[in-house]
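K.L.:
In this text, residue positions in the sequence shown follow the numbering used here: the first is 4, and each later residue adds one.
The reader is advised that the hints may include incorrect statements.
Label-pair restraints from in silico Cβ distances [unchecked claim]: (1) 98 to 123: 33 to 39 Å; (2) 43 to 95: 27 to 33 Å; (3) 58 to 85: 52 to 58 Å; (4) 125 to 85: 58 to 64 Å; (5) 6 to 41: 27 to 33 Å; (6) 15 to 58: 47 to 53 Å; (7) 98 to 73: 29 to 35 Å; (8) 24 to 121: 32 to 38 Å; (9) 11 to 52: 49 to 55 Å.
For lysine-lysine, the following BS3-like pairs were computed, each having C-alpha atoms within a straight-line distance of at most 25 Å [what the hints assert, rightly or not]: (10) 37 to 75; (11) 75 to 36; (12) 10 to 105.
Hints listed in this document are in silico derivations from the structure and should not be mistaken for laboratory results. Where is the CB? At the ideal position from N, CA and C, for every residue including glycine.
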Amino acid sequence: MSSSALKARIAQIRSQGIVAPPNTWIGTTSITKKNGKRYTYYRLMKAVPSTPTEDNPKPSPKTKMVKYLGSKDSRAYQEMKKAIVRRNEIARLLKKLQALDKQVSVDQSQKRKSKQPALTTLVMELVTQVQQLQTEMESLKRQLKTQLSTSEL
Numbered sequence: 004m005s006s007s008a009l010k011a012r013i014a015q016i017r018s019q020g021i022v023a024p025p026n027t028w029i030g031t032t033s034i035t036k037k038n039g040k041r042y043t044y045y046r047l048m049k050a051v052p053s054t055p056t057e058d059n060p061k062p063s064p065k066t067k068m069v070k071y072l073g074s075k076d077s078r079a080y081q082e083m084k085k086a087i088v089r090r091n092e093i094a095r096l097l098k099k100l101q102a103l104d105k106q107v108s109v110d111q112s113q114k115r116k117s118k119q120p121a122l123t124t125l126v127m128e129l130v131t132q133v134q135q136l137q138t139e140m141e142s143l144k145r146q147l148k149t150q151l152s153t154s155e156l
């Protein structure tokens with residue numbers, strides 16, 4: 004997939020509905036009533052960073068309820084499931100896009116590197132030509148000195 008196709012797909016997914024925030028998931032709570040019937044409710048949970056203390060410098064993140072979603076049949080629960088799927092799909096496509104951009108930049112740098120040997124060869128040829136010119140100049144100087152010294156005699 005090309006970069007523009009990935010961006011278009013991401014835009015299309017975003018237009019389909021809400022996208023779940025990062026670091027969120029659906030948590031469950033089960034309650035058993037006195038009559039023995041069991042009810043399961045769903046909540047949108049979020050990871051919240053904990054503040055480090057002297058005793059625990061690297062605490063694990065805490066969870067916080069963001070939104071009550073209701074039962075399995077509720078519209079809020081169904082929508083949030085879809086929103087999380089959209090978020091995960093967008094994250095996957097963004098990862099692909101970053102890999103593609105990285106590959107493009109690597110390809111471009113390799114193209115530049117492949118041009119380097121030609122540039123190096125050109126520089127070496129120029130250095131050789133300059134050395135040949137210097138040798139010719141030295142030879143011409145010697146000839147001129149020789150001619151001047153013989154003409155003075």
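K.L.:
Take the hints in turn and mark each one as holding or not.
P.N.:
Here is what the structure says about each hint:
1. Here the CB-CB span from residue 98 to residue 123 is close to 37 Å, well matched to the stated 33 to 39 Å.
2. Checked against the hint of 27 to 33 Å, the C-beta distance between residue 43 and residue 95 comes to roughly 29 Å, which is consistent with it.
3. Here the CB-CB span from residue 58 to residue 85 is close to 42 Å, at odds with the stated 52 to 58 Å.
4. Between residue 125 and residue 85 the Cβ separation comes to about 60 Å, which falls inside the hinted range of 58 to 64 Å.
5. Here the CB-CB span from residue 6 to residue 41 is close to 49 Å, at odds with the stated 27 to 33 Å.
6. Taken as a hint, the range 47 to 53 Å holds for the pair residue 15 and residue 58, whose Cβ atoms sit roughly 49 Å apart.
7. Range check, residue 98 to residue 73: Cβ separation about 32 Å, and the 29 to 35 Å hint holds.
8. Between residue 24 and residue 121, the C-beta spacing of about 51 Å breaks the proposed range 32 to 38 Å.
9. Between residue 11 and residue 52 the Cβ separation comes to about 34 Å, which falls outside the hinted range of 49 to 55 Å.
10. Annotation: proposed proximity of residue 37 to residue 75 holds, straight-line Cα distance about 21 Å (limit 25 Å).
11. Restraint check for residue 75 and residue 36: satisfied, since their Cα atoms lie roughly 17 Å apart, inside the 25 Å limit.
12. At roughly 15 Å between alpha-carbon atoms, residue 10 and residue 105 fall within 25 Å of each other, so this suggested pair holds.
In summary, the numbered hints that this structure violates are 3, 5, 8, 9.
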